[in-house]
Amino acid sequence: MGTTFLPVASIVSSAGGRDGWMIVLPAFILGIPYGLMVLSLLSQFPNKNLLQVSEIVFGKGIGKLIGVLYILITGYFGGLLLGQVGDIYERSIMPLTPISLFYLGTIILVFYLCKSGIEVFARFSEVIFPLIILALILNLTLSISRIEPGVLLPILSEGVMPLFWGGLKVAPFVMEYILFMAGILAFLPTDMKEIGQLRREVWRAVFLVGILDMFVAFTQILVFGPFETTRIVYGLLVLGKMVEVSRTVAGVESLFLGVWLGALVIKISAFLFTVVWGLETVMNLKGLKWEIAVCAVFMGIAFGFVRGSVLISEISFVDNYLILPFTTIWILGLWGTARWKKGKNIRGN
Amino acid sequence: MRRKITLIIPTILLLLLLPGCWNRRELNTMAIVEAVGVDRANDGQIVVSLQILKPSAIKSSTSEKASGTKSVWVVTSKGETVFDAIRNASLQTDRKAYFSHNTVYVLSEELARNGISDELDLFSRDSEFRKLTYVFITRRKAEDIIRSDYEQEKIPAQAIEKLAKVTYAASKVPKVQLIDLLKNFASKTNDSIVPGIDIIQEDNKNPNEESLKLDGTAILKRDRMVGWFNEKETRGVLWVLGKVKSGIIDIATPGNESKKSGIEIIRADSNVVPELVDGNLIMTINVRLDGNLGEEMGSSDLVKPESFDEIEKQIDTDIKEEISSAVSKAQNWDVDIFKFAPDVHRKYPREWPELERNWREEFRKIQINIIVDAKLHWSGYLKKPVQPKNTEGEVAQ
Chain A
1 MGTTFLPVAS IVSSAGGRDG WMIVLPAFIL GIPYGLMVLS LLSQFPNKNL LQVSEIVFGK
61 GIGKLIGVLY ILITGYFGGL LLGQVGDIYE RSIMPLTPIS LFYLGTIILV FYLCKSGIEV
121 FARFSEVIFP LIILALILNL TLSISRIEPG VLLPILSEGV MPLFWGGLKV APFVMEYILF
181 MAGILAFLPT DMKEIGQLRR EVWRAVFLVG ILDMFVAFTQ ILVFGPFETT RIVYGLLVLG
241 KMVEVSRTVA GVESLFLGVW LGALVIKISA FLFTVVWGLE TVMNLKGLKW EIAVCAVFMG
301 IAFGFVRGSV LISEISFVDN YLILPFTTIW ILGLWGTARW KKGKNIRGN
Chain B
1 MRRKITLIIP TILLLLLLPG CWNRRELNTM AIVEAVGVDR ANDGQIVVSL QILKPSAIKS
61 STSEKASGTK SVWVVTSKGE TVFDAIRNAS LQTDRKAYFS HNTVYVLSEE LARNGISDEL
121 DLFSRDSEFR KLTYVFITRR KAEDIIRSDY EQEKIPAQAI EKLAKVTYAA SKVPKVQLID
181 LLKNFASKTN DSIVPGIDII QEDNKNPNEE SLKLDGTAIL KRDRMVGWFN EKETRGVLWV
241 LGKVKSGIID IATPGNESKK SGIEIIRADS NVVPELVDGN LIMTINVRLD GNLGEEMGSS
301 DLVKPESFDE IEKQIDTDIK EEISSAVSKA QNWDVDIFKF APDVHRKYPR EWPELERNWR
361 EEFRKIQINI IVDAKLHWSG YLKKPVQPKN TEGEVAQ
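First to last, the protein sequences are chains A and B. Reminder that position 139 of the first sequence reads as 139 in the UniProt record's numbering, one-by-one numbering, no gaps. Reminder that position 171 of the second sequence reads as 171 in the UniProt record's numbering, one-by-one numbering, no gaps.
Honestly, the hints are just simulated from the structure, not real lab data. Keep in mind that the hints are not guaranteed to be accurate.
Straight line, CA to CA, 30 Å or less: simulated DSSO-like cross-link-like pairs of lysine-lysine [claimed, not checked]: (1) 245(B) <-> 115(A); (2) 339(B) <-> 221(B); (3) 4(B) <-> 289(A); (4) 286(A) <-> 4(B).
Since we're looking at a predicted model, the values are computed, not measured.
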């Protein structure tokens, strides 16, 4: 969720205009079958992540190749997300602060979370998540007075194809979550009762984030209109800037930026975890020095994209042309092959 | 323990570096801008006038006039772009201009006639500027408005902001914020209205005493100003947009036509229903109004049903005239300031792509049908106006 609620409105309105908000939730729901496929593989291969499962199902060679792709994609994307921390702060409220400080401050926190382990990371997320929800809800409700309901009509006047293309641009968001699930699988409980609980959590996570992102896009289209929403890079911050409670509370986008940073830290940490797990699984590289090395690579990637517009188009490129095709094909192929092999074995017995 | 200390000390050192003091802005280093005026000089350069707050003068409890010090300071500077002009202002001020508290943009008519989207780009792009700032156009130089005084407020910019906020009371001038203009500029069909602002000097007052007044409405085709609407025409536009919230409608007093009576608008709303008949667009504008007999000049007894019916008919006629004159002028200028296009799009989504392609042409041909449903409810605390009598007890003529 960390990076989705800032650009989501601009992305969907550029594809689907006034109807763009409608595609957010369906695109997120695409994550449910994928999440359930991942959990089905968990019950079939307990205590193994999907890289290990790939080696078992596809054989060592293909499994390793998938593992390398997984590390490269998640590592590159994690570095780009780190770059986004600098981009958004420089762009909005702190243009004079050296961009390296944003990178350094964030990577230290991310490294600390990764080094402390998955439990500390989970607790950190547990603390930050309600703040994110609260900030979003406040931002949206305080914008109600500025909405123009008429801008949503006519519904579907351009047909459904623009929505389909918009959905393709939102689907990578949920696939990022699936990539993290692929790695964390080895740490998840495997008895049937708890897998049932995990299934429910997949539904809950997808719907919660999907609905929130949908409301973010919905509100922005209502407040700015579809054309202006497309023009704004980080619409939620502009919305935050317009929040006014009398003259006492006004222009509070800095508070939203703080909350957003928390969300982004969670997301970068998730991708640091995926790279670290990947290195351990595929190349047997583990320990503190490799975690530091990955952090250094993240910093290097971030420094390679200090120009904001290039960074945004690169994130969009990785989302649309790497994460989405890689995850959809890999998980579907892995699940299908594992099922097929399982069926064959049963018949063989 | 040693390991922990070796971790904690660098962390503390980093924390000292990390807070990002690079961007600190101390209050005494900021020139807090309350209003911005933009003109274009004869040499083509942008002229920016900044109304800057003087905190020391604000502190004083005595009035500005009594203390002899003004609460604001106006700096004018030139540049190739708006941003350049603003930064050039720092060559005259000892503080850097800070715009987060800015409440007003004033643009000159001369500038607006050549388009304002370029000049507004900075205000929508930079994070320091806010999109809820009120926008005005003046027949004078914008600098004159920024330099003007206002009797009731220490900070003239705040007076202008309050003037914008109170426009609902008369509904003769629109209230327009930067975000409204940006939304219209981004749309393919909408045109814009912007309130006019001027300086007035009353005849019986000291020549140095002047005051600000909202006056007329500038009409923008895309981002270029094409002309002015007077108060009645402006209210015609506001009726259609459903933005009349209050105000007074002056009508000839029934039974005493040489005199006027004032009808107070208590609440009003409107909706526009488009119809496509044989390829021609007909817009039915429905206006509903609840009003009071707020004032009666004359001696007629108006507080009876038949008089109320007559007044309601007059209100209908007046509103229809206001709307017709506004629509007809807008059609002559090819400006869809009524947002008819989104209404047509909503009702006829299939036909819309064809209509949108020639929208200016279509707009010019639109026929309007105005239906006003005015309801007069109350007459204040009086039935009949007072009728002065002479010593014989007869009504004085």
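Each hint, compared with the structure:
As the CA atoms of residue 245(B) and residue 115(A) are separated by approximately 61 Å, the hinted pair breaks the 30 Å bound. Between residue 339(B) and residue 221(B), the direct Cα distance comes to roughly 13 Å. Compliance with the 30 Å bound is thereby established for this hinted pair. With a CA separation close to 18 Å, the supplied pair residue 4(B) and residue 289(A) stays within the 30 Å bound. The hinted pair formed by residue 286(A) and residue 4(B) meets the criterion: a straight-line CA distance of about 22 Å does not exceed 30 Å.
Taken one by one, the earlier hints fail for this structure only at number 1.
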